[in-house]
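Chemist: Residue strings, one per chain:
There are 2 protein chains.
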Amino acid sequence: MKKIFTITASLLLCLSAFAQQALFGGAGIKSPEINPDNTVTFRFAAPKAIKVQITGDFLPTTKMETKYGTFDVPVVADMKQDDKGVWEYTSDTLAPELYMYSFIVDEIKVKDPSNVYMIRDVNSVTNVFIVSKEKGDRGYLYGVNEVPHGMVSRVWYDSPSLKMKRRMTVYTPPGYEDNARHKYPVLYLLHGMGGDEEAWISLGRASQILDNLIAEGKAEPMIVVMPNGNVDEEAAAGEKPGGFAQPSMQHEGMMDGTFERSFPDIVKYVENHYRVIAKKSSRAICGLSMGGFHSLHISSYYPDMFDYVGLFSAAIMPNESPGADTSAVYKNLDEKLKVQFSKKPKLYWIGIGNADFLYKANADYRKKLDSTGYKYTYFETGEGHLWKNWRIYLSKFVPSLFK
Amino acid sequence: MKKIFTITASLLLCLSAFAQQALFGGAGIKSPEINPDNTVTFRFAAPKAIKVQITGDFLPTTKMETKYGTFDVPVVADMKQDDKGVWEYTSDTLAPELYMYSFIVDEIKVKDPSNVYMIRDVNSVTNVFIVSKEKGDRGYLYGVNEVPHGMVSRVWYDSPSLKMKRRMTVYTPPGYEDNARHKYPVLYLLHGMGGDEEAWISLGRASQILDNLIAEGKAEPMIVVMPNGNVDEEAAAGEKPGGFAQPSMQHEGMMDGTFERSFPDIVKYVENHYRVIAKKSSRAICGLSMGGFHSLHISSYYPDMFDYVGLFSAAIMPNESPGADTSAVYKNLDEKLKVQFSKKPKLYWIGIGNADFLYKANADYRKKLDSTGYKYTYFETGEGHLWKNWRIYLSKFVPSLFK
Numbered sequence: 001m002k003k004i005f006t007i008t009a010s011l012l013l014c015l016s017a018f019a020q021q022a023l024f025g026g027a028g029i030k031s032p033e034i035n036p037d038n039t040v041t042f043r044f045a046a047p048k049a050i051k052v053q054i055t056g057d058f059l060p061t062t063k064m065e066t067k068y069g070t071f072d073v074p075v076v077a078d079m080k081q082d083d084k085g086v087w088e089y090t091s092d093t094l095a096p097e098l099y100m101y102s103f104i105v106d107e108i109k110v111k112d113p114s115n116v117y118m119i120r121d122v123n124s125v126t127n128v129f130i131v132s133k134e135k136g137d138r139g140y141l142y143g144v145n146e147v148p149h150g151m152v153s154r155v156w157y158d159s160p161s162l163k164m165k166r167r168m169t170v171y172t173p174p175g176y177e178d179n180a181r182h183k184y185p186v187l188y189l190l191h192g193m194g195g196d197e198e199a200w201i202s203l204g205r206a207s208q209i210l211d212n213l214i215a216e217g218k219a220e221p222m223i224v225v226m227p228n229g230n231v232d233e234e235a236a237a238g239e240k241p242g243g244f245a246q247p248s249m250q251h252e253g254m255m256d257g258t259f260e261r262s263f264p265d266i267v268k269y270v271e272n273h274y275r276v277i278a279k280k281s282s283r284a285i286c287g288l289s290m291g292g293f294h295s296l297h298i299s300s301y302y303p304d305m306f307d308y309v310g311l312f313s314a315a316i317m318p319n320e321s322p323g324a325d326t327s328a329v330y331k332n333l334d335e336k337l338k339v340q341f342s343k344k345p346k347l348y349w350i351g352i353g354n355a356d357f358l359y360k361a362n363a364d365y366r367k368k369l370d371s372t373g374y375k376y377t378y379f380e381t382g383e384g385h386l387w388k389n390w391r392i393y394l395s396k397f398v399p400s401l402f403k
Numbered sequence: 001m002k003k004i005f006t007i008t009a010s011l012l013l014c015l016s017a018f019a020q021q022a023l024f025g026g027a028g029i030k031s032p033e034i035n036p037d038n039t040v041t042f043r044f045a046a047p048k049a050i051k052v053q054i055t056g057d058f059l060p061t062t063k064m065e066t067k068y069g070t071f072d073v074p075v076v077a078d079m080k081q082d083d084k085g086v087w088e089y090t091s092d093t094l095a096p097e098l099y100m101y102s103f104i105v106d107e108i109k110v111k112d113p114s115n116v117y118m119i120r121d122v123n124s125v126t127n128v129f130i131v132s133k134e135k136g137d138r139g140y141l142y143g144v145n146e147v148p149h150g151m152v153s154r155v156w157y158d159s160p161s162l163k164m165k166r167r168m169t170v171y172t173p174p175g176y177e178d179n180a181r182h183k184y185p186v187l188y189l190l191h192g193m194g195g196d197e198e199a200w201i202s203l204g205r206a207s208q209i210l211d212n213l214i215a216e217g218k219a220e221p222m223i224v225v226m227p228n229g230n231v232d233e234e235a236a237a238g239e240k241p242g243g244f245a246q247p248s249m250q251h252e253g254m255m256d257g258t259f260e261r262s263f264p265d266i267v268k269y270v271e272n273h274y275r276v277i278a279k280k281s282s283r284a285i286c287g288l289s290m291g292g293f294h295s296l297h298i299s300s301y302y303p304d305m306f307d308y309v310g311l312f313s314a315a316i317m318p319n320e321s322p323g324a325d326t327s328a329v330y331k332n333l334d335e336k337l338k339v340q341f342s343k344k345p346k347l348y349w350i351g352i353g354n355a356d357f358l359y360k361a362n363a364d365y366r367k368k369l370d371s372t373g374y375k376y377t378y379f380e381t382g383e384g385h386l387w388k389n390w391r392i393y394l395s396k397f398v399p400s401l402f403k
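Those sequence lines, one after another, are chains E and X.
Here the numbering used here is used: position 252 in the first sequence is 252, and no number is missing along the way.
Here the numbering used here is used: position 331 in the second sequence is 331, and no number is missing along the way.
By construction, these hints were calculated from the structure, which means they are not laboratory data.
All values reported here derive from a predicted model rather than from experimental measurement.
One or more hints might be untrue.
Given that identical chains are not distinguished, each listed pair holds provided it fits within a single copy or across any two copies.
Using 25 Å as the maximum straight-line C-alpha spacing, the simulated DSS-like pairs for lysine-lysine come out as follows [as the list claims (entries may be wrong)]: (1) 48 with 80; (2) 368 with 183; (3) 30 with 240; (4) 48 with 111; (5) 84 with 51; (6) 67 with 30; (7) 111 with 403; (8) 367 with 218; (9) 240 with 388; (10) 165 with 135; (11) 111 with 84; (12) 346 with 67; (13) 268 with 48; (14) 67 with 84.
Using the sequences and the hints given, assemble the complete structure.
Modeler: Following this line, the structure appears as structure tokens:
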């Protein structure tokens with residue numbers, strides 16, 4: 001019997017059509033291999049290639065000039081070919097983190113055929129790996145561990161304001177399904193420009209971060225709602241009618257007040273369909289970049305809705321947008337903040353990297369808050385406008401909620 | 001304001017680090033482009049490449065000799081380079097279908113950097129696209145259309161038999177969330193060897209097929225439960241502790257009776273946590289390959305559980321497995337079938353491709369059923385042991401359920 005199944009497995013391998021065809025690319029190669037000392041070895045089989053390189057956010061950075069300015073980008077490192085045609089590169093010891101990388105084969109960027117783990121960021125897909133050293137570190141927090149797991153659902157909710165059924169991702173904490181009476185607080189977690197309802201659950205590792213923080217007793221069990229902030233679409237690319245279109249950075253109605261005004265549709269759906277504590281003190285909202293902008297304006301436009309507000313590298317912008325909904329959502333922000341802060345939110349949290357292109361806008365906003373005596377918590381990291389920072393901010397923000 | 005956001009978007013594009021670095025690979029290229037006549041154009045920017053080719057299951061096949069036998073595999077077609085360094089290939093007019101393809105650049109298989117849509121099959125990831133001609137065709141059935149959508153959840157259920165919390169994918173039909181009294185029938189949908197609880201929802205397009213069939217009035221609204229049939233793991237690769245390990249074709253305890261015996265854990269969880277009709281006439285089970293084997297044995301070992309059974313390219317095997325659980329699950333299959341068929345199941349459905357390496361085993365099994373007068377429905381397609389066939393079988397099987 002064992003023999004039969006070994007043969008069957010081989011057949012099935014062959015039969016998975018061209019996917020397994022005898023071309024160079026992955027067969028029997030282990031890549032990336034995370035070594036016991038947390039160096040990482042990458043391998044790529046390409047006997048006939050002239051030059052194979054690797055780049056990734058585990059490498060040191062260099063300055064890249066663009067027409068938009070100068071940016072820090074990872075260097076490109078040369079890989080070495082062995083006598084079997086396999087190219088190899090071993091990194092330095094890496095700190096706990098989720099990293100992204102690509103190979104460059106004779107100047108063409110390719111994915112690692114030995115690594116099925118990839119994450120989409122808007123319209124590009126990149127291989128990832130996680131390094132962890134010990135329980136509780138960043139890599140541990142972003143990984144799946146031997147802890148109870150929450151349930152993750154893709155839910156279609158009704159948005160009467162937008163006249164659409166729309167898709168969102170909902171995390172319910174471990175125990176939710178078996179605890180028919182307990183009611184939970186809710187965190188609304190918003191993506192940035194080009195993102196969608198998949199961004200926080202994939203790039204953001206939201207369900208892993210929540211599972212792990214809850215298991216360590218560092219976070220209250222909570223429901224996390226990840227809506228789609230692009231009011232011109234029902235759902236993420238590929239999950240809405242129109243086929244497998246390329247995801248776009250630009251959307252109609254971005255940051256014109258429409259999403260902010262329609263937000264109660266989401267809260268209403270959640271509070272009608274989940275066992276939640278439907279009170280200001282049990283509602284939090286936060287988001288990255290455009291989602292920080294949304295969080296700022298939703299929480300000030302609806303000052304009785306959220307007691308916890310988190311701005312992660314928030315796109316804080318002038319609010320005199322011609323054609324935008326200045327009459328309602330963005331108009332008189334100072335007045336709105338006055339009302340919001342007079343109600344003493346339990347937490348107003350601002351996080352940003354010191355190399356972020358929005359650093360100055362955030363510093364100016366903090367000055368405004370300082371000048372009026374509004375209380376907030378500030379958390380500054382290195383680096384810029386990156387998912388690396390947003391995962392850190394989520395990990396820092398969540399333990400402060402609903403205490 | 002519009003200008004500010006255009007600049008911001010550009011900045012964000014730049015800032016998504018090396019993902020957007022100015023290397024060849026995808027920028028501004030549309031690929032694949034599905035033309036109005038359902039030919040498909042593929043493009044790949046590689047100014048310095050010597051030869052760029054494409055292979056995929058939309059191409060004609062050729063015979064490939066392997067040590068396991070001769071297989072039909074798609075041919076490799078040459079692409080043509082234009083004066084800007086972009087390689088292009090346009091297919092013939094394609095029939096409605098979900099297709100998979102890869103580029104081969106100077107003998108290295110690479111993914112299409114302009115196409116974020118990829119599906120994992122065990123341990124390889126391949127680009128996909130869908131061709132549809134009209135409503136109701138195969139491409140339409142596998143796509144997201146303007147119809148109500150069900151909810152898809154990743155659920156952790158308790159399996160006392162396996163002493164694990166295990167992950168499964170659950171589809172609840174449109175309306176389930178808003179219809180607090182209605183009870184639904186349940187289809188248990190099982191994957192094959194190397195698969196997991198993600199296989200049917202990704203490769204199998206199960207939620208799209210169900211949404212579309214339900215919207216057309218061709219299928220009863222039903223819950224679809226997609227468990228993980230590998231008893232040595234809690235969840236799919238990457239979703240279980242142990243990091244981002246390569247998914248494996250082989251698992252401990254495959255087809256040794258353990259999964260079949262433990263199946264009531266799943267049914268019990270579903271019936272305790274969802275609004276279901278907990279009756280034989282409202283339970284169906286089906287699966288592909290190993291999942292067909294599982295469906296055969298679960299339904300015969302528990303003859304009062306399922307009124308609908310579907311075997312899709314089932315791995316029908318001799319049941320005298322030394323070391324396997326012959327004492328219970330597989331032993332005396334003929335006796336078990338006698339009991340099962342004496343209870344007149346409403347549907348016993350067998351589907352297989354005429355080029356499947358399991359064709360003979362299935363023909364022999366049908367002979368056995370014929371010789372005893374047991375009623376079943378048989379559906380034969382062309383081609384072999386392929387997801388293409390399993391999506392067709394699901395689309396054919398589901399409309400027959402719970403009528």
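Chemist: Hints first: check each against the structure and report whether it holds.
Modeler: Against the structure, the hints come out as follows:
no.: 1; hint: 48 with 80; in the structure: both (13 Å within a copy, 21 Å between copies)
no.: 2; hint: 368 with 183; in the structure: neither (37 Å within a copy, 55 Å between copies)
no.: 3; hint: 30 with 240; in the structure: between (36 Å within a copy, 19 Å between copies)
no.: 4; hint: 48 with 111; in the structure: both (17 Å within a copy, 18 Å between copies)
no.: 5; hint: 84 with 51; in the structure: both (15 Å within a copy, 22 Å between copies)
no.: 6; hint: 67 with 30; in the structure: between (39 Å within a copy, 24 Å between copies)
no.: 7; hint: 111 with 403; in the structure: neither (43 Å within a copy, 47 Å between copies)
no.: 8; hint: 367 with 218; in the structure: neither (31 Å within a copy, 61 Å between copies)
no.: 9; hint: 240 with 388; in the structure: between (28 Å within a copy, 22 Å between copies)
no.: 10; hint: 165 with 135; in the structure: between (41 Å within a copy, 21 Å between copies)
no.: 11; hint: 111 with 84; in the structure: both (20 Å within a copy, 23 Å between copies)
no.: 12; hint: 346 with 67; in the structure: neither (42 Å within a copy, 68 Å between copies)
no.: 13; hint: 268 with 48; in the structure: neither (59 Å within a copy, 56 Å between copies)
no.: 14; hint: 67 with 84; in the structure: between (42 Å within a copy, 22 Å between copies)
The structure shown violates the earlier hints numbered 2, 7, 8, 12, 13.
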